[in-house]
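Engineer: Residue-level listing of the chains:
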Amino acid sequence: MKRAAAVVLILLLTACAREPDGTRRQFFALGTLVDITVMAPPEKADAALRDAEQALLEFERRWRAWNEGQLAVLNGQLTEGQPVILAENIASGIRQARQLERESRGLFNPAIGKLVELWGFHQEERKAEPPPSDADIQVWLDAAPSLNDLVAENGKFVSRKPQLWLDMGAFAKGLAVNAAIEVLKKHGITDAIVNAGGDLKVLGTHGERRWRIGVRDPRGPGILAAIEVSGPVSVFTSGDYERWFEWEGRRYHHLLDPRSGYPAMQTTSLTVLHEDAARADAAATALFVAGDDWPLIARSMGIEAVMRVPAEGPVEITPAMQAYINWEDRQPEYRVIKP
Amino acid sequence: MIRAGDILIIIFGAFAVGFSWFAIFNPSETASVQIVQADATAKNYPAWRDEILNISGPLGETRIEIHDGKARFLASPCANKVCIRAGWLAHAGEAAACLPNRISLALLGGDARFDAVNF
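As they're listed, the protein sequences go chains S and C.
Just so you know, the first sequence maps onto residues 1 to 339 in the numbering used here.
Just so you know, the second sequence maps onto residues 1001 to 1119 in the numbering used here.
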């Protein structure tokens, strides 16, 4: 009798082992929808979520490159040749970006704002207008501004080129996600996910299991692969389907190659994992732009886990990424590449 | 040796386990559509009730359709219609947003395959 009762009890406990839900907060910030889940009851999570939201909204005000953002004001002054004093939080972000620009061999280029503007991708909603002319692109290429053109003189920064316009679009989201995770940790949160419009960082686990992240299939509806991770780790993807427009039957996307001035065409989507969300953010862009040369840039940026969907040919993954991947709706043809 | 009391307990247990699984994991009981507006107000609608919702945003009204447990952006005043091109959301955990009109749409439920979708 006792044995039968024990069996029933075990079965009941198994049936009732529903996964914990966590406490969730969604809001618009950084030009996208931010979704944070904390694996803690509301009485512990609410204050942490509120402070993380405030941190992200503050980040948005600071790093917006256009309109009334703090960075937009600085850009205006730099373009006019004025020396500017940078607040420490902006200066430290720029130092970090400069290091990443160097490691990426210039493929992550935060001084690319004027080129982004030429293509119209600086607007939340791009107007229906043609792509820029070859001549306009050539003017930008001749100047080729980079963060090296932002130099310190007598405690102030000056720009050596009027074409330099800082646009931290491929970096600020990562910095912001790092900051939100730090806020959560200060509140004693050990398990959480901060998802800023599809790019994210996780801390700890989802209850008893690892976090399950679906990576969108860039070539059709559905999910290409599931990545199962426990934190701290960031998952960032750059895809040619995120922002684009068509003009006279040709498609142009927003991931611009600073070497040619045109959208980078050899890759469809590229996903990287790294603990530092800012590095993951910059690397996802740089490796996308690198096209077939991505292993070289991955090596120089210290990125080990990569999955690339090239414009043609099988999916490419590194051995480090392979350890986290489960193919989902269909297993694609793939090959393993060591960076 | 199994006695009559054991058999009764096992039969009772089987029913209790079955009921628990049904009550906790049945997705049709838990699935809902969550809509978040610009002011971060989140509102949940049952996914089983077919309806068309008009949601206000800074650009105007966005229409969202819920049908047969799925949801989609039906019409939106934004220029590029990225939200409409996202099509039907059919599985828990899937989400789409109209960023210009600051409205997001997500399917919630007990059968979510993923904690987030990376794109």
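Think of the hints as simulated: they come from the structure by calculation, not from any bench.
Nothing here was measured: the structure is a model prediction, and the numbers come from that model.
Where is the CB? At the ideal position from N, CA and C, for every residue including glycine.
Worth double-checking, as some hints may not be accurate.
[What the hints assert, rightly or not] Beyond 12 Å from chain S on every Cβ pair, some chain C residues (computed): (1) Asp-1039; (2) Asp-1050; (3) Glu-1051; (4) Ala-1075; (5) Asn-1080; (6) Arg-1085; (7) Ala-1116.
[Stated by the list, open to error] Derived contacts from chain S toward chain C, CB cut-off under 8 Å, selection only: (8) Phe-28; (9) Thr-32; (10) Thr-79; (11) Glu-80; (12) Gln-82; (13) Leu-86; (14) Ala-87; (15) His-122; (16) Glu-124; (17) Val-158; (18) Arg-216; (19) Thr-271; (20) Tyr-334.
[Said to hold, decoys possible] Among the chain C residues that face chain S by a calculated CB cut under 7 Å, a handful are: (21) Ser-1032; (22) Glu-1061; (23) Trp-1088; (24) Ala-1090; (25) Ala-1092; (26) Pro-1100; (27) Arg-1102; (28) Leu-1108; (29) Val-1117; (30) Asn-1118; (31) Phe-1119.
Engineer: Taking the least C-beta to C-beta distance, is S/Gln-82 closer than 8 Å to chain C?
Structural biologist: violated, 33 Å
Engineer: Is the hint on C/Leu-1108 kept, meaning its closest Cβ partner in chain S is under 7 Å away?
Structural biologist: Interface hint status for C/Leu-1108: violated (9 Å vs cutoff 7 Å).
Engineer: Any CB of chain C closer than 8 Å to the CB of S/His-122?
Structural biologist: violated, 14 Å
Engineer: Just double-check C/Arg-1085 for me: nearest Cβ-Cβ distance to chain S has to come out over 12 Å.
Structural biologist: At roughly 10 Å from the nearest Cβ of chain S, C/Arg-1085 sits no farther out than 12 Å, so the non-interface label is violated.
Engineer: When you look at the beta carbon of C/Asp-1039, is every beta carbon of chain S farther off than 12 Å?
Structural biologist: Since the minimum Cβ distance to chain S is about 9 Å, C/Asp-1039 lies within 12 Å and the statement is violated.
Engineer: C/Asp-1050: least C-beta distance to chain S exceeds 12 Å?
Structural biologist: holds, 22 Å
Engineer: Taking 7 Å as the limit, does the beta-carbon of C/Ala-1090 come near enough to a beta-carbon in chain S?
Structural biologist: violated, 9 Å
Engineer: Would the hint on C/Val-1117 stand, with a C-beta cut-off of 7 Å toward chain S?
Structural biologist: Cβ of C/Val-1117 sits 4 Å from chain S, so the hint holds.
Engineer: With 8 Å as the cut and Cβ atoms as the points, is S/Thr-32 at the interface with chain C?
Structural biologist: holds, 6 Å
Engineer: Does S/Thr-79 pass the interface hint, meaning its C-beta sits closer than 8 Å to a C-beta of chain C?
Structural biologist: violated, 27 Å
Engineer: Double-check S/Ala-87 for me: the hint is only fine if its C-beta lies closer than 8 Å to a C-beta in chain C.
Structural biologist: violated, 27 Å
Engineer: Have a go at the C/Ala-1092 hint: is there a Cβ in chain S nearer than 7 Å to its own Cβ?
Structural biologist: violated, 12 Å
Hints 1, 5, 6, 7, 10, 11, 12, 13, 14, 15, 17, 20, 21, 22, 23, 24, 25, 28, counting from the list given before, are not met by this structure.
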